[in-house]
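Please arrange chain B on chain A, whose structure you already have, making use of the hints.
Protein chains in written order, with the numbering used here: chain A, 1 to 519; chain B, 1001 to 1122.
Honestly, the hints are just simulated from the structure, not real lab data. Just so you know, even glycine gets a beta-carbon here, dropped at the ideal spot from N, CA and C. Some hints here could point you the wrong way.
[Said to hold, decoys possible] Between beta-carbon pairs, the in silico distance windows are: (1) A/R374 x B/K1025: 36 to 42 Å; (2) A/L440 x B/F1112: 41 to 47 Å; (3) B/G1110 x A/T2: 56 to 62 Å.
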Amino acid sequence: MTIPLPLFVAIPLGMAFGLPIFGAFGQKGKRAATVLGNVTTLVLLWMAVTSIGKFGVYQVGRWSIPLGINLVLDGLSSFLLLTIAVVSAAAMLFSVRYMEQYTAKPKYLCLFLLMVTGMNGVVLSGDIFNLFVFLAGASIASYALVGFGCEHEELEASFKYMVLGSVASMFVLFGVALVYGNTGSLNMAYVSKAIAASGINPGLGFALALFIAGFGLKAALVPFHAWLPDAHPSAPAPISAMLSGVLIKSLGVYALARVTFNVFGIFATSDIAVQMGWILVILGLLSMVAGAFLAIGQWDLKRLLAYSSISQSGYVVLGLGLGGLMIARGGSLTAASLAIVAGLFHLGNHAIYKSLLFLTSGSVEMATGTRQMREMGGLASRLPFTRATATVASASIAGVPPFSGFWSKLLLVIAAVQAQFIWVAAIIVGVSVCTLIMYLKVQRYVFLGELPKQMADVKESKGSMLAAMVILACLCVLMGLLVIIPGLKTTILDPAAKALTDGSEYASNIINSSLVVKQ
Amino acid sequence: MLYALCFLLFMIGLYCVLVKKNMVKIVIGVMVMEYAVNLFLIMLGFRFGGVAPVLERPDIDGETGQVLAGFLSASVDPLPQALVLTAIVISLGSLALMISICIRTYEKYGTFDITEIRRLRG
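Pulled out of the complex, with its shape left as it was, chain A reads as follows (with noise of 0.2 Å):
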């Protein structure tokens, strides 16, 4: 059974629309808004389980694709639409204690299921118009979200994020200006054709560097990330998981790679195929690096997990950088597509323990009313399940085996070492163990030492807090098997790197399925 592509951004968006109107009904309502949104972010997973491993091309309203809107299902989509599904489902399932002590939750639940729509938009897009219009669309609700509290902080980290979200959208729509100036298309597809016909031009290079300079501050890459420590610890916790867990990837890596490796089809044809692998390689490496030493400096707990998903989406694009690079230099396929799969694979990992790590600390706030890691102490005999979970986030991410991040950590280091990237492999060991201390800091001064007499009698979350940081828990333990057993890894991460290292391949597969659909 083949889902209709479209339901992908309608159901969040009708219900993000419809449950508002509960909030009317007083308790009762806001009960019933809270069921249905945890309701609609299991249908999307549901939905996004059953559309892997499938190729689709939408055509809304029938227009044939060069005139009209298209939505496509790819591999690295399906991926994407996945790891997005996950991460709303168990943040929403956070949100039904943890924002209770908000007032408003109906409205927050609007804002939330838009920011959903906005990311499955962006993943499934098949224009770049229409990209940037969902681009918008997740980014006004995810300001709206930053400043939820109204508090001074909030309010400062909101506007700082909005007048830099503001203008990454506008390089991403100048951008998408001067292609449809240049090619005579804002079709994906036949951009990609016209771009591998004609070579990239003084105009196309410009707009490129407008992609790169938009979607990087998007993604917070290092010279672009000032608004991200600011903004992902003043939102509420579930919140920030998905900021950094999924918004961050969706808006602005995926959408980096997609416009680089498919649409420009950079690194198949053009001629500034190395120097654009090398941006990536070097943008990814400077962000490791600084959001490492960064964070390990931080005593606000979540200005801390802030500054390190900073680190790690530099080891996706470093991923991708070395597999574009590989691929530039006419190095072998399969080296290529190893480094590209562990950049994915990472982006999946760090979705999964960045957002389990953030609703710790969420529940560590609530708990204890701080987020100042001076103040606490010797909270593993109160909130044993949040120390847990947090201990299992906290291996992953620094690549203690058996947990998930050891494995995408692994594969980049065997793709750097193939490349004969050398001290790209040693960074990545080097920034393994900065951010091995700076979590073993987490422990040392939030769960560990002396409890403090005011702590003494705080509380563990309970019911469906503890439920999604436990169901979370499990994931980064099991997200290990989607390269151990092979047939997991053929399914969901072969298809996705292949996407992106077969570069104009997706052109031609879109062009080809509407001449069927028109038979």
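Chain B in isolation, oriented as in the chain A frame:
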């Protein structure tokens, strides 16, 4: 030349965002950038002496049923106009949100000066 002026407008907006201290002026800078991009999109489809891209009976050759070359070379490109409409709606949404955040921030801090709104550090 016109494109260069359009790019200059974009850079003026970016300068305003980066340099100004007043929150409202920063918002104005973002809006200037958006208008510059919208203007650029409109100019992509613009033609001097162009006609509306709507086919009427005189524009079609009666014998062959083909669209006349005169219409094809004179009609403006309608697609950028549709894009600009969408982009304007999006920028309206984000403008409303930005202004409301500015108002809430002013209520909390009592100032629009971003050098004084600095509780987040590190």
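Each hint, compared with the structure:
no., hint, result
1, A/R374 x B/K1025: 36 to 42 Å, "holds (38 Å)"
2, A/L440 x B/F1112: 41 to 47 Å, "holds (43 Å)"
3, B/G1110 x A/T2: 56 to 62 Å, "holds (57 Å)"
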